[in-house]
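Student: Chain residues, written in single-letter form:
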Amino acid sequence: MERPLTQHIISDTSVRNLENYRKVGGYSCLQKVLKSMTPGEVTNVVKVSNLLGRGGAGFPTGAKWSLVPMDTVKSNLPKYLVCNADEMEPGTFKDRYLLEGNPHQLIEGMIIAAYAIQAEKSYIFLRWAYKKAEKVLRTAIEEAYSAGYLGNNILGSDFNLDMHVHSSAGRYICGEETALLNSLEGKRALPRAKPPYPALNGLFGRPTVVNNVETLSWISHIVEKGAEWFKGLSLTGTGGTKLFGVSGKVRKPGTWELPLGITFRELLEEHAGGMIDGHKFRGALPGGASTDFIVEEHLDVQMDFKTVAAVGSRLGTGTMIVLDDKTCPVSFIHNVEKFFALESCGWCTPCREGLPWVEKMLSSIEEGTGKIEYLDLLSFSAKYMSPGNTFCAHAPGAAEPLQSGLKYFHDDFVKHITDKKCPWR
Amino acid sequence: MLSVEEINEIQNEIKQYPYPKVACIDALKIVQQHRAWVSDESVSDIAELLGMSAEEVDGIATFYSRIYRQPVGRNIILICDSVSCMIMGYESLYEYLSKKLKIRFGETTSDGRFTILPNSCLGDCDNAPAMMVNNDHFNRLTIEKLDEILDRYK
Ligand SMILES: Cc1cc2nc3c(=O)[nH]c(=O)nc-3n(C[C@H](O)[C@H](O)[C@H](O)COP(=O)(O)O)c2cc1C
Ligand code: SF4
Ligand code: FES
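Read top to bottom, the protein sequences are chains A and B. To convert, note that position 114 of the first sequence is 114 in this note's numbering; the numbers rise steadily by one, no gaps. To convert, note that position 10 of the second sequence is 10 in this note's numbering; the numbers rise steadily by one, no gaps.
Bound-form chain A, shown alone (with noise of 0.2 Å):
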């Protein structure tokens, strides 16, 4: 089984400084690409081999690229390329992982992406708490620049590129890529209306590509190997291979790098090594927790984008949170839904308002003062958040848990109402 991405990743610094990075093969892509390829040949390659988003919603990275004007009109210079590394949601810990680890392959991609799109600066907006992965990061790309791979004529070509870390002030919203565009600019990261798409009008104005780190990742071995190769890796034909993570009462908790398609089952029992003794499996937010639950009937899908979204959930960012039998469901969710109204920009009225209610609700029904009329009221504030009702997704992703849980843990709702007590207390 092929491990693209972390297959370096032996130790925490096996292949962290350049050197190393360089003796398995590092930047000779970065260097058939600048002698050899356009750059709409590269963006071609990416557009064949089917690359979805690994930042959550899947996007097709080919086709984002695309979306970029590519005439030499002043008012669309100079461009951006933007890699999000903000990774704030909670459960989520895959990017730490290849920023930590592998932080020149993140570089090298990003240089070959803003070949693609003919960006001249680029940055990497790092989540705050991310200490050890600026570091790394700071001294790979001080590594790149001596080496000639940044700054002017990158390796003797005329393609110019320079690469800057912000490290965030700290807000969930941030993530969000045209909030992320904002605080780039110095400002609150308030959503921005879209249309205008950011390939057109993003950081500064100027056309800007936004892409994960797991996804820019990806670059220098799709353009190095093949789209057919890529989409080779996947068990379902979508392409790649995926970091997933799991965290909560298993035996394991971590992250591997595996193909799209092994099943939930799989995951949970082979890789993060099935529950703790004493504790059993209810449910799980398989994509961090804006991603709605799946229950123990869904053990056997597959994971891909399609797949567990046709049983109602999203593949989001692949790091699963587990709910055991110990956990009150109720108070899991009301966590969740605290975090959602906590983070809330305050832009729109159904996440700025709706959250910290639905949030109260919850509160009540786990104190043993909820009523049965709350359960209605927080079904249709759900409805109320969902995809069309809000200026960004963030209220939408909270719904998620929210309306499944519901769903699926109807019962312990009911049972913290009439017993006017929470059952795991």
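Calculated directly from the structure, the hints in this document are not laboratory data. A quick note: this is a predicted structure, and the numbers were derived from the prediction, not measured. Do not rely on the hints blindly, as some may be mistaken.
Partial chain A-side listing against chain B, Cβ under 8 Å, derived [as the list claims (entries may be wrong)]:
(1) Lys187
(2) Gly245
(3) Lys249
(4) Pro423
No more than 27 Å apart at the CA atoms, straight line, and that leaves these computed lysine-lysine pairs for DSS-like [unchecked claim]:
(5) A:Lys121 with B:Lys154
(6) A:Lys135 with B:Lys154
(7) A:Lys306 with A:Lys326
(8) B:Lys21 with A:Lys225
(9) A:Lys326 with B:Lys102
(10) B:Lys15 with A:Lys187
(11) A:Lys121 with B:Lys15
(12) B:Lys15 with A:Lys74
(13) B:Lys15 with A:Lys131
(14) B:Lys154 with A:Lys132
(15) B:Lys145 with A:Lys252
(16) B:Lys154 with A:Lys131
Taking CB as the label site, the calculated pair distances span [as the list claims (entries may be wrong)]:
(17) A:Thr72 with B:Lys154: 54 to 60 Å
(18) A:Asp71 with B:Met1: 46 to 52 Å
(19) B:Arg140 with A:Trp347: 33 to 39 Å
(20) A:Ser28 with B:Pro118: 44 to 50 Å
(21) A:Gly254 with B:Asn134: 50 to 56 Å
(22) A:Cys422 with B:Pro118: 18 to 24 Å
(23) A:Val311 with B:Thr142: 47 to 53 Å
(24) A:Gly368 with B:Ser92: 17 to 23 Å
(25) A:Ser379 with B:Thr142: 37 to 43 Å
From the three backbone atoms N, C-alpha and C, an ideal C-beta is built for every residue, glycine too.
Got chain A sorted already, so can you dock chain B with the ligands onto it with the hints?
Tutor: Using the frame of chain A, we list chain B with the ligands on its own:
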């Protein structure tokens, strides 16, 4: 008044960007690094340096969780209170710390040694429960580990 050092660091950031205002978040972080928190006076100083109004700078400062607009202790404990850490029992760790230090979330010990704050996910979910003290991560926490960790921060 901002120190010469602070001003130089902020000017360095301004150079990276098309116009000075863009450096607002960087400026707030720089001032906080030097002074532990950002006072009203610092907000006005930053505003003047970047050609903004103090209100605009304050609007940005208060939006971000990791910019402190109130005095904090010498060391800041951030306890992850998100879902994976809840499952793995952050609440009992918090209760222990809170009793030991005699402060609740948002408060500072009377000797100014620690401030304790709740924080959403720290990206250590596979090693939950997790917390940070200043810039250091600690995970797979147990009550026994907490005492030893606190001893390292004076
Ligand atoms: C509230 C919210 C938070 C998000 N946080 C992140 C994040 O931390 N990292 C990320 O890559 N994408 C995040 N996204 C998705 C981005 O908006 C965007 O789709 C992604 O960065 C695009 O990269 P990709 O096409 O490579 O997946 C978030 C979206 C929303 C609505
Ligand atoms: S959905 Fe929430 S986070 Fe998104 S713009 Fe509206 S208020 Fe802000
Ligand atoms: S939930 Fe605590 S570190 Fe992620």
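Student: A separate judgement is required for each hint: does it hold in the structure or not?
Tutor: Hint-by-hint comparison with the structure:
1. Lys187: With a minimum Cβ separation of about 7 Å from chain B (threshold 8 Å), the hint on A:Lys187 holds.
2. Gly245: holds (6 Å)
3. Lys249: holds (6 Å)
4. Pro423: Since chain B brings no Cβ nearer than about 17 Å to A:Pro423, farther than 8 Å, the hint is violated.
5. A:Lys121 with B:Lys154: Answer violated: A:Lys121 to B:Lys154 is near 42 Å, above 27 Å.
6. A:Lys135 with B:Lys154: Status holds; Cα separation ~25 Å.
7. A:Lys306 with A:Lys326: This hinted pair is violated, its Cα atoms lying about 31 Å apart.
8. B:Lys21 with A:Lys225: violated (44 Å)
9. A:Lys326 with B:Lys102: Answer violated: A:Lys326 to B:Lys102 is near 30 Å, above 27 Å.
10. B:Lys15 with A:Lys187: Answer holds: B:Lys15 to A:Lys187 is near 17 Å, not above 27 Å.
11. A:Lys121 with B:Lys15: holds (14 Å)
12. B:Lys15 with A:Lys74: Given pair B:Lys15, A:Lys74 holds - Cα atoms ~22 Å apart, limit 27 Å.
13. B:Lys15 with A:Lys131: holds (24 Å)
14. B:Lys154 with A:Lys132: holds (23 Å)
15. B:Lys145 with A:Lys252: Distance ~21 Å between B:Lys145 and A:Lys252 Cα, so the pair holds.
16. B:Lys154 with A:Lys131: holds (21 Å)
17. A:Thr72 with B:Lys154: 54 to 60 Å: At roughly 58 Å between Cβ atoms, B:Lys154 and A:Thr72 fall inside 54 to 60 Å, so the hint holds.
18. A:Asp71 with B:Met1: 46 to 52 Å: holds (48 Å)
19. B:Arg140 with A:Trp347: 33 to 39 Å: Hint holds: Cβ distance 38 Å, inside 33 to 39 Å.
20. A:Ser28 with B:Pro118: 44 to 50 Å: Given about 47 Å between the Cβ atoms, the range holds.
21. A:Gly254 with B:Asn134: 50 to 56 Å: violated (26 Å)
22. A:Cys422 with B:Pro118: 18 to 24 Å: With Cβ atoms ~21 Å apart, the hint holds.
23. A:Val311 with B:Thr142: 47 to 53 Å: violated (37 Å)
24. A:Gly368 with B:Ser92: 17 to 23 Å: Between A:Gly368 and B:Ser92, where Cβ atoms are some 21 Å apart, the hint holds.
25. A:Ser379 with B:Thr142: 37 to 43 Å: holds (39 Å)
In this structure, the earlier hints numbered 4, 5, 7, 8, 9, 21 and 23 are contradicted, and the remaining ones agree with it.
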